[in-house]
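Visitor: Chain residues, written in single-letter form:
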Amino acid sequence: MMDNKKEVNSKLPYEKPALRTIQLAAEEVLVTKCKQAPSVHIRSSFGCGAISCNQMGGS
Amino acid sequence: MPVNPETYSKTYGPFITETISSGEGSVNIDLDIDINEFPDIRNMTKIFDTMELWSMFSSGDEYFWVDATESSPRESACIARFQNRPDRVAVYCRERLTSETNGQKMINNPFVHPLDQLLMMYALAEREGAILHACAVELDGKGFLLPGRSGAGKTTISQLFAARGHKLLSDDRVVARKIKNEFYAFGTPWAGDAGIAENRKLPLKGIFFIRQSSGNRIEKIKPSAAAERLMPIASIPWFDEKTMSGVLSFCEDLILHVPAYELYFKPDTEVVDFLDKFISA
Numbered sequence: 001m002m003d004n005k006k007e008v009n010s011k012l013p014y015e016k017p018a019l020r021t022i023q024l025a026a027e028e029v030l031v032t033k034c035k036q037a038p039s040v041h042i043r044s045s046f047g048c049g050a051i052s053c054n055q056m057g058g059s
Numbered sequence: 001m002p003v004n005p006e007t008y009s010k011t012y013g014p015f016i017t018e019t020i021s022s023g024e025g026s027v028n029i030d031l032d033i034d035i036n037e038f039p040d041i042r043n044m045t046k047i048f049d050t051m052e053l054w055s056m057f058s059s060g061d062e063y064f065w066v067d068a069t070e071s072s073p074r075e076s077a078c079i080a081r082f083q084n085r086p087d088r089v090a091v092y093c094r095e096r097l098t099s100e101t102n103g104q105k106m107i108n109n110p111f112v113h114p115l116d117q118l119l120m121m122y123a124l125a126e127r128e129g130a131i132l133h134a135c136a137v138e139l140d141g142k143g144f145l146l147p148g149r150s151g152a153g154k155t156t157i158s159q160l161f162a163a164r165g166h167k168l169l170s171d172d173r174v175v176a177r178k179i180k181n182e183f184y185a186f187g188t189p190w191a192g193d194a195g196i197a198e199n200r201k202l203p204l205k206g207i208f209f210i211r212q213s214s215g216n217r218i219e220k221i222k223p224s225a226a227a228e229r230l231m232p233i234a235s236i237p238w239f240d241e242k243t244m245s246g247v248l249s250f251c252e253d254l255i256l257h258v259p260a261y262e263l264y265f266k267p268d269t270e271v272v273d274f275l276d277k278f279i280s281a
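Here the protein sequences line up with chains A and B, keeping their order. Here the first sequence is numbered in our numbering, starting from 1 and rising by one per residue. Here the second sequence is numbered in our numbering, starting from 1 and rising by one per residue.
Quick caveat, the hints were computed from the structure, so don't treat them as lab data. C-beta: ideal position from N, C-alpha, C; glycine also. Any given hint might turn out to be false.
To be verified - Listed below are several chain A residues computed to face chain B (Cβ distance under 7 Å; list not exhaustive):
no.: 1; residue: L12
no.: 2; residue: A25
no.: 3; residue: E28
All chains, please: the whole structure from these sequences, using the hints.
Guide: Have a look at this one:
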């Protein structure tokens, strides 16, 4: 009995599951926009850096 | 047809080497450029459209990345074809991506923004890695990530560390990978406004999610809280279930094995000594 009590006491308290909403930032991490073109040298050398933009005169 | 060196040397600088890496964890992808044919994507399944810059289609087990969208005013100039684990990528380019220098016809490098990052994201998803929106500082030979969304202060904190003589891997995008049960942070060619892009790696020993504040303090956070903060700054293809699962598994592994903290910082040089002292303790 004592052992059982010890085991029960060592368990973490029950936490009720809860849903959390996470605000994602797809436009920042999936390079979905021209303005997200990284690197100073890309922007200065080739416009926004995107393939089509390089060829078509900017974005 | 040779690739015009002007269209890649400035972009990738120190990341260009003459040798092919064959060490532990090396990733080699063959890239074929073709200007003679252009795939017909009209009957393929569209799986994602950024509505501005690019779209993605699938056919069988192949992906077709297109540098245009339905709403885009410009015609596609480039299509990349690859599989889930891209060991070989075929890129089909329109004639207008070619140019002539000193009488020699050359193709402009198509592996620039955003295709390079997309391919890296896919390549890492199957190899225990991910691109993270973070700067990475070196302290005592170890790497520490300081992730944050745009405007969080990555450039500011990078410049503060650089001003105090600390080395950084990147001020904006890093690659995190697990190689032989150890986590590493890698610099990438995709620098932010501070222009820091180092071609090297460091053992990854901590993640400090940054928040600007009126004072400096650090709070240890649980893996569940770290997951909540990691999701928005990790390059995860939410539109592609299979690849997404690979990146999410890596992210879970990362936060369960690398300690994560919240770093509230005042944007002045005091934060450099504050973090250095915390890590040394």
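Visitor: Failing hints, ascending?
Guide: 1
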